[in-house]
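Novice: The primary structure of each chain is shown beneath.
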Amino acid sequence: MHCCDSAFFDNVLSYFLLQEMDFPGGKVAFTSKLEFIPGNSDRRVPCYRVLDQYGRLLNDAHFEQVSEEVAVKIYSNMVALQMMDSILYEAQRQGRISFYVTSMGEEAINIASAAALSDDDVVLPQYREPGVLLWRGFTLQEFANQCFGNKFDYGKGRQMPIHYGSNKLNYFTISSPIATQLPQAVGVAYSLKMDKKEACVVTYVGDGGTSEGDFHASLNFAAVMDAPVVFICRNNGWAISTHITEQFRSDGVAIKGRAYGIPSIRVDGNDALAVYNTVKRAREIAINEHTPILIEALTYRVGSHSTSDDSTKYRPIDEIECWKMERNPVNKFRKWVESNGWWSDEAEVDLRAAVRKKLLQVIQNAEKAEKPPLAELFADVYDSLPLNLREQETELRETIKRHPEDYPSDVPV
Amino acid sequence: MAAALRRLGSAAHWRGFSTACQEINKSGIHPQHGGKATNLCSAINQALHIALESDPRSYVFGEDVSFGGVFRCTTGLVDQFGKNRVFNTPLCEQGIVGFGIGLAAMGNQAIAEIQFADYIFPAFDQIVNEAAKFRYRSGNQFNCGGLTIRSPYGAVGHGGHYHSQSPEAFFCHVPGIKVVIPRSPRQAKGLLLSCIRDPNPVVFFEPKWLYRQSIEQVPEGDYMLPLSEAEVIREGNDITLVGWGAQLSVMEQACVDAEKEGISCELVDLKTLLPWDKETVEASVRKTGRLLISHEAPVTGGFGAEISASIVERCFLRLEAPVARVCGLDTPFPLVFEPFYLPTKNKILDAIKATVKY
Ligand SMILES: Cc1ncc(C[n+]2csc(CCOP(=O)(O)OP(=O)(O)O)c2C)c(N)n1
Ligand SMILES: [Mg+2]
Numbered sequence: 001m002h003c004c005d006s007a008f009f010d011n012v013l014s015y016f017l018l019q020e021m022d023f024p025g026g027k028v029a030f031t032s033k034l035e036f037i038p039g040n041s042d043r044r045v046p047c048y049r050v051l052d053q054y055g056r057l058l059n060d061a062h063f064e065q066v067s068e069e070v071a072v073k074i075y076s077n078m079v080a081l082q083m084m085d086s087i088l089y090e091a092q093r094q095g096r097i098s099f100y101v102t103s104m105g106e107e108a109i110n111i112a113s114a115a116a117l118s119d120d121d122v123v124l125p126q127y128r129e130p131g132v133l134l135w136r137g138f139t140l141q142e143f144a145n146q147c148f149g150n151k152f153d154y155g156k157g158r159q160m161p162i163h164y165g166s167n168k169l170n171y172f173t174i175s176s177p178i179a180t181q182l183p184q185a186v187g188v189a190y191s192l193k194m195d196k197k198e199a200c201v202v203t204y205v206g207d208g209g210t211s212e213g214d215f216h217a218s219l220n221f222a223a224v225m226d227a228p229v230v231f232i233c234r235n236n237g238w239a240i241s242t243h244i245t246e247q248f249r250s251d252g253v254a255i256k257g258r259a260y261g262i263p264s265i266r267v268d269g270n271d272a273l274a275v276y277n278t279v280k281r282a283r284e285i286a287i288n289e290h291t292p293i294l295i296e297a298l299t300y301r302v303g304s305h306s307t308s309d310d311s312t313k314y315r316p317i318d319e320i321e322c323w324k325m326e327r328n329p330v331n332k333f334r335k336w337v338e339s340n341g342w343w344s345d346e347a348e349v350d351l352r353a354a355v356r357k358k359l360l361q362v363i364q365n366a367e368k369a370e371k372p373p374l375a376e377l378f379a380d381v382y383d384s385l386p387l388n389l390r391e392q393e394t395e396l397r398e399t400i401k402r403h404p405e406d407y408p409s410d411v412p413v
Numbered sequence: 001m002a003a004a005l006r007r008l009g010s011a012a013h014w015r016g017f018s019t020a021c022q023e024i025n026k027s028g029i030h031p032q033h034g035g036k037a038t039n040l041c042s043a044i045n046q047a048l049h050i051a052l053e054s055d056p057r058s059y060v061f062g063e064d065v066s067f068g069g070v071f072r073c074t075t076g077l078v079d080q081f082g083k084n085r086v087f088n089t090p091l092c093e094q095g096i097v098g099f100g101i102g103l104a105a106m107g108n109q110a111i112a113e114i115q116f117a118d119y120i121f122p123a124f125d126q127i128v129n130e131a132a133k134f135r136y137r138s139g140n141q142f143n144c145g146g147l148t149i150r151s152p153y154g155a156v157g158h159g160g161h162y163h164s165q166s167p168e169a170f171f172c173h174v175p176g177i178k179v180v181i182p183r184s185p186r187q188a189k190g191l192l193l194s195c196i197r198d199p200n201p202v203v204f205f206e207p208k209w210l211y212r213q214s215i216e217q218v219p220e221g222d223y224m225l226p227l228s229e230a231e232v233i234r235e236g237n238d239i240t241l242v243g244w245g246a247q248l249s250v251m252e253q254a255c256v257d258a259e260k261e262g263i264s265c266e267l268v269d270l271k272t273l274l275p276w277d278k279e280t281v282e283a284s285v286r287k288t289g290r291l292l293i294s295h296e297a298p299v300t301g302g303f304g305a306e307i308s309a310s311i312v313e314r315c316f317l318r319l320e321a322p323v324a325r326v327c328g329l330d331t332p333f334p335l336v337f338e339p340f341y342l343p344t345k346n347k348i349l350d351a352i353k354a355t356v357k358y
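If you read the sequences in order, they're chains A and B.
Note that full-length UniProt numbering numbers the first sequence so that position 254 is 254, with each residue one more than the last.
Note that full-length UniProt numbering numbers the second sequence so that position 22 is 22, with each residue one more than the last.
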């Protein structure tokens with residue numbers, strides 16, 4: 001070994017000068033300053049955008065142009081989602097369905113993130129992302145069937161409204177417990193990687209959901225497993241009545257990626273073009289470089305948390321109005337689409353009329369359809385009926401014969 | 001009942017009662033009468049007010065509790081006691097319970113809310129491995145007895161899988177915690193105050209279906225009802241029915257209907273499921289010779305199984321029929337099939353008749 005061998009020389013030097021230490025993960029530099037890493041840096045993580053608040057393209061925008069066809073489809077889906085929300089919300093108010101959750105204010109995240117994916121990418125949603133399903137072709141009738149829990153609902157009427165799921169569309173069935181989907185998403189992503197699929201996993205979570213242990217478990221797992229999973233946090237300011245300042249003291253969510261060794265980005269969630277570009281790029285990195293990505297999309301929950309909530313009890317109406325009107329993601333994107341000459345008032349009127357007509361029709365159909373038959377109460381607990389359930393089904397059927405008046409007439413026995 | 005009175009006499013804090021109630025108390029009568037018409041939600045709210053008022057080292061916290069909670073049970077607390085003692089937590093059940101254990105270990109009353117019993121499972125480790133064993137594993141050097149975990153449980157008619165469950169049996173398998181479930185507003189207030197002041201960690205499940213539906217005269221002041229004491233709420237001779245929480249009102253209707261057919265039912269409210277009052281149940285079964293247990297949770301592995309086994313051990317020769325269990329089915333809690341899943345009045349009535357005829 002030569003004494004002028006440079007690696008050897010470096011090692012000797014660092015040993016004598018004690019400037020750095022070998023430690024798993026790489027060399028750690030020493031410092032003589034007793035200094036804590038600050039909890040937050042002076043400058044907040046910037047927010048990537050393409051459009052300004054009036055829907056005008058920024059001069060220095062970094063983005064990939066989308067075609068007229070894709071742009072119009074994104075816009076039309078945003079409108080359809082908005083209208084589905086207002087009509088199903090009304091249906092709940094009228095007592096026709098038991099519960100509903102709107103995505104109002106978050107249409108851009110819903111639709112533009114979906115538009116950036118391939119149909120093979122697997123989605124594990126929280127619950128405020130029905131737009132992803134809509135984009136993938138889940139029909140308004142299918143949405144309505146789930147909300148009415150009729151026999152055409154793929155979940156067989158077992159779950160509350162809005163708990164959609166579609167195996168065909170690679171959209172895992174929603175479950176109410178917050179953040180449970182996140183570590184599962186890492187397992188799904190690992191499988192895609194092992195199968196050498198040209199696909200990634202996209203999983204959604206709210207700002208509130210980032211406080212759950214499952215969120216932290218999933219980021220760490222994803223990093224350690226080199227899993228191609230894109231985490232999209234919809235930071236909409238609120239978790240029911242809990243404001244983000246009571247949820248975390250970090251600069252939001254994007255910054256948390258750093259601690260787990262995950263590349264992350266903050267994006268204007270109300271700018272469909274920015275969301276589209278971010279997710280598109282994220283999935284490429286995730287798939288090609290086998291790494292998770294964390295996206296924090298800044299947005300606002302314009303509606304109440306759900307039909308069980310009245311958000312004016314805990315937040316100022318001005319705040320809601322500002323996000324609903326001035327920062328409306330649908331209006332903003334419309335301006336850009338219009339500025340390209342791809343959309344008109346006439347097209348708008350036609351679209352709204354057609355979607356409205358369709359919605360009223362699907363709701364009627366869904367309402368008229370029978371409920372799933374009684375056998376579905378016992379099916380799917382396991383792959384086949386074990387003894388205890390067979391006994392319970394027999395006994396229940398006898399009870400129904402004795403007391404038919406106790407049971408709803410719209411469930412076929 | 002006599003034991004209940006004795007416990008109450010020594011342990012109860014009688015403050016701010018209406019005169020009428022005070023007189024009732026002085027004459028040694030259980031505080032079952034008097035007070036104002038109050039629903040279960042307000043009764044809980046009153047108990048929390050009193051707990052915060054009567055002990056400056058008490059805290060109320062959980063998801064969305066500041067603005068009053070999603071069921072409004074914590075309304076007004078932050079205004080009166082300030083945001084250092086009543087506060088929202090981040091959305092993290094394991095955090096809520098772990099934090100509560102630490103707070104309690106320092107000699108505070110930690111009153112934690114888990115928004116729905118269906119969401120208590122992320123905190124299961126903290127409850128089962130930590131809270132329950134805190135005293136035992138340290139040789140009683142440490143304890144977290146000041147911890148009370150409140151959580152709404154049970155069916156509501158439209159809750160589906162995750163807003164309906166009755167997970168009490170999981171917790172009844174854990175030595176070191178207490179499990180308490182009230183049936184009515186008056187019970188809720190008195191039992192919750194006892195749980196908060198009990199020197200052991202307690203899981204207190206609130207029947208959310210009754211928050212607004214159950215209205216009862218509730219004494220306005222501070223009173224406690226004893227833990228681990230069951231109560232005979234309806235006397236009878238032919239069969240003993242044991243239940244807790246919201247299910248008792250369904251069972252009561254079955255008792256009324258059975259009576260019309262000449263069957264006299266004794267109804268027992270267990271109130272505390274862990275550690276439970278075997279003696280009261282045993283005494284009743286010795287009288288009636290028959291036992292029926294009913295709960296909303298799935299029948300398999302439900303707490304009814306424990307009651308059944310214990311009573312068969314103690315009353316084998318006195319039993320005139322097999323112990324009947326009328327419970328939830330062994331399926332997840334279903335949305336559209338809820339009326340089929342539930343242990344209804346008629347299912348109970350049929351089981352009463354079959355047991356009496358056996
Ligand atoms: C484990 C768990 N705890 C509590 C709840 C009750 N809950 C439902 S939604 C919600 C707030 C979620 O907020 P966030 O993640 O920000 O999503 P957003 O509703 O804002 O889209 C809470 C506390 C739940 N569903 N699951
Ligand atoms: Mg949120």
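Watch out, some of these pointers could steer you wrong.
Unchecked claim - Lysine-lysine pairs mimicking BS3-like chemistry, simulated, CA-CA at most 27 Å apart:
#1 A:LYS168 / A:LYS197
#2 B:LYS353 / A:LYS401
#3 A:LYS368 / A:LYS357
#4 A:LYS73 / A:LYS168
#5 A:LYS168 / A:LYS358
#6 A:LYS313 / A:LYS335
#7 A:LYS73 / A:LYS33
#8 A:LYS313 / B:LYS287
#9 B:LYS133 / A:LYS401
#10 B:LYS260 / A:LYS401
#11 A:LYS324 / A:LYS368
#12 B:LYS357 / B:LYS278
Honestly, the hints are just simulated from the structure, not real lab data.
Computed from a prediction, not measured in an experiment: that's the story for all the values here.
Novice: Would you mind marking each hint as holding or not holding in the structure?
Specialist: How the hints compare with the structure:
| no. | hint | in the structure |
| --- | --- | --- |
| 1 | A:LYS168 / A:LYS197 | holds (17 Å) |
| 2 | B:LYS353 / A:LYS401 | holds (17 Å) |
| 3 | A:LYS368 / A:LYS357 | holds (17 Å) |
| 4 | A:LYS73 / A:LYS168 | holds (21 Å) |
| 5 | A:LYS168 / A:LYS358 | holds (23 Å) |
| 6 | A:LYS313 / A:LYS335 | violated (33 Å) |
| 7 | A:LYS73 / A:LYS33 | violated (56 Å) |
| 8 | A:LYS313 / B:LYS287 | violated (54 Å) |
| 9 | B:LYS133 / A:LYS401 | violated (49 Å) |
| 10 | B:LYS260 / A:LYS401 | holds (22 Å) |
| 11 | A:LYS324 / A:LYS368 | violated (34 Å) |
| 12 | B:LYS357 / B:LYS278 | holds (25 Å) |
Of the hints listed earlier, those the structure fails to meet are numbers 6, 7, 8, 9, 11, in rising order.
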